[in-house]
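*Asks:* Chains A and B, in that order, give the protein sequences. Residue numbering for the first sequence follows numbering that gives the first Met the number 0, beginning at 0 and increasing consecutively. Residue numbering for the second sequence follows numbering that gives the first Met the number 0, beginning at 0 and increasing consecutively.
If you're looking for bench data, these hints aren't it; they were derived computationally from the structure.
Subject to a maximum C-alpha distance of 20 Å in a straight line, what follows is the list of computed SDA-like cross-link-like pairs (lysine to any residue): (1) K256(A) - P118(B); (2) K114(A) - L140(B); (3) K313(A) - D152(B); (4) K132(A) - F150(A); (5) K114(A) - Y221(A); (6) K218(A) - T143(B); (7) K218(A) - A141(B); (8) K256(A) - S33(B); (9) K105(A) - D220(A); (10) K218(A) - D152(B); (11) K218(A) - L252(A); (12) K105(A) - K218(A); (13) K114(A) - A141(B); (14) K114(A) - L252(A); (15) K45(B) - V103(B); (16) K45(B) - G14(B); (17) K313(A) - R282(A); (18) K256(A) - I120(B); (19) K132(A) - L140(B); (20) K114(A) - I146(B); (21) K105(A) - L136(B).
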Amino acid sequence: MSINILAAAFVLAGALSLPGRAAPSPSPRELLQRSLAVPSVAYEGEMTVSMLEGGRSTTREVLVRFKPPASYRREILDRIGFVVFTIVSNGRVEWVFDRRQGVAWKGEPADPDYKLLDPDEEIALLNENYEFKAAGAERVADRPCQALDMFSRRQERRLQRLCVDAASGVVLSRESFANDGRRLSDVRFLRFQTPARMEDTVFDFLPPHGTRVAASRLKPDYLRLEEAASATAMRPRLPEWVPPGFVFESVNLLAYKGATLLHYRYSDGIDVLSLFQAPAHVRLDFGGWGAERRVRNVDLGNGRAELAFHPSGKILEWIAADRFILIGSQSLESMRRVAASVSGSPRRRGAGARAVPAKTLAGRGGR
Amino acid sequence: MNCPDFEVISAYSDGEATPEEVRVVAAHVRECESCFLRLRSVESAKLALRRVPAPRLPRDLRRTLLEAGPGLGDGRAAWRRFLEELRAGLLHPASVFSIGAAVVAAFLFWGRNEGLLTPRIELPADLLVAAHNQYALTLPLAPTERILTEMPDQIAASVTGPAEGRGVY
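Here chain B stands alone, though its shape is the one from the complex (with noise of 0.2 Å):
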């Protein structure tokens, strides 16, 4: 199964795929749970930066934009003075909303495509050394003593708890 792009799956969200993209990846999601995943991913994260409230210029800042007019003093009182706003622009609530919904929108995209997202599931290493064992024990001339004897160890140590309903099995 060829998986579109992350591109054409974000210009999808974005309506603003071509038609045959939209045909493409709108087939496709019915079929890939991951692209599915992918696509949900991107538009909750674009509606919660939709949801953030466009920062207000503060009102001192606004009030001194507006008294300097057109003339605001010389080019380092003004640099000066716009570091300072920005500084203050920054702390507002609505201005650290947005950053901080932004980082987390960032962080739920990169940890659902690294796998830290979705619950762990703790693989046995002896399942994977008793799954490459088996194979061996088909080749001709393999040490089927030697694999067997291992295997048992393999098997119980890939087990945790059957007694409780958990484990391989």
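Chain A with its partners taken away, still in its complex shape (with noise of 0.2 Å):
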């Protein structure tokens, strides 16, 4: 008897203990610095990619392998399953395949290390720009995950739901939602694991026989304004308005065809503002657009600028002595208001006003 009785406050003291003993929800921060540190394990998967503009939707599947510290393999598939485009890296030289023109693009990944923004500082500003709230558990290509809302401090509205892998910390979907709660986007694992092993050889390339093979242009430099301005002829001339919460970042040299151009990049610690500058000779074609365009014209107060939409953004087009095309999803108030205060524009030109990056990390108290 009393042996049952023992077995009895046993089990009971057992079951009331048994919510302090479950693992707390983890908080936003937490959440926020699994989903952002490398992955710590190598990882494989399949996921979809869908796009959501004007009513339609376009998705794409891409198999995944990642394996750290900065070693990536995407391949995109086709409707019927086969390989169009293959991505590789090993963390230092990157190709991009396309094996339906048979060309191969060799390449720099893309390397945070090299930015002028500190990781630290980094962070700062994307906690001084949004705020992050958990949104409970959810299951994600038949895993446990725990989802993150973002929301921007100055619009007071949720950007983007991500769903973090409760084991690894990688970000399993992401949704991404217009001013009007629109879904605008959706990445999203079908598949997902976390492998013992995986092989090196798998984030290699050899190009294929017959392939054409090319240098890539995009080799992202990350130069101070002054380092920049000694490597062109052109006199660097940045906007003296930038919306609220973003900074300069750093210069980029972008060569074509002779011509070389500025690209001035500004971030708010999520978004990107691209400024770039040419030579006024230097056009803009739009190509393989055709009609999805969509160019209108804007009015800057001291000149026109072209107007033309593109999935990653809108793009806009002035001259003002030099060319100057300005990419971003930031409203078109905000991208005109950009455009208008770039020094020595037409009305302003001879006025000798020396460009000075809007906010830059000096301003801010940074380096």
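Using the supplied hints, reconstruct the complex from the two chains, each of which is provided in its own coordinate frame.
*Replies:* Below is the structure:
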């Protein structure tokens, strides 16, 4: 009898103590840190990348492999499951292989280590502009994950929902939302696993016989303004106004058919605003976009600009002695204001105003 | 690099710059291709104008003026005569040529500034989008999969016939 009572008491005590022993839900900060860190385990899987635009949806399937610290392989499939594009990097060299054209481009992978903004400053910038809230548990690719909603502090609206794999910290799904709450994109794993072993050879690429190999122009620089200015005959002209929360990070030099373009990069920790300055004789070619280009004129106050839409953002192009191209996903009014504030616009030419980044790292008390 | 104002370059070309401006411009144009071209453009325009022969007074106008002497009759008649002679003068080949030369010189200078005279370079918008996206990949929480899925299309679209040795590469 006493044994039964003891057993019942033990079971009861165990039951009562269960909530206390269950792993507490991670805080938004923990989830964010988990998703920001480079995964410590290799993973592979299959995912869908869906873009929802103007009532239409385009979905691509991608085979994904990753091995820390920075090796990745992406194979983009066509509708019947053949690989059409392969992107492979072993952390030092990146290959983009277009199977249909039989062309492989060899370049350098994007590497945040060379950026002028250091990782702590970047995270601080992200937290300054965005707020994260835990949104409960979900299952993606048959794995438990913790949802995290990302809100803009200025616009007070939800921008993204991430679901972070509880075990590895990998983002298993990511949805992005428009101003009115519509879903703009949905990227999610259908299958996900963390194999115990993954060979390094997976991340090597040997162009198939007959492939034309070319060097990629995308070799990013992270230059200070003075360094970039000395590399071109153009006088760098930056906007005097950028959207709140954005800071000037660095300049990239882009060479094309004998012309050198300056690429000024601004970031708010999540979003990017790119301003390109090119000699006036460089014209923008929208190529195969055809009717989807949807260009319209925009009044800058001191001139006119052309606006075009691209799945990656809006493109605003104008000429003010040099040619300028602004790419970003900000509101049209913000982009118009950035363009109108570029120093040395026709009305103010000769005023002697010197370009100064609207908000620099130094302005934030950074380096 | 601080480029001198156009007025300073023009003054330099005219020999009217101050010694300090001469020193600055002479040193600057050796380093700055844009200002060198601008100076060359100013000098070519001036040279072109200098080569235009000075318009000569039409013979009949000259005769009329000499015959009229100091008293050219009443003001209205003189004004009418002046307009007629001016019209005749403007239609003179030398006048037509000099006006044409001035227009061409102005166009050359303006066109150079606006990039209309340099061979046009067609820059694929996709290349710029790819550069924009490549930077986006370096951000924390970058939508890596979406960007990497779009990027090959952008790189491919920005290539115009690599087999012919043209295009991005």
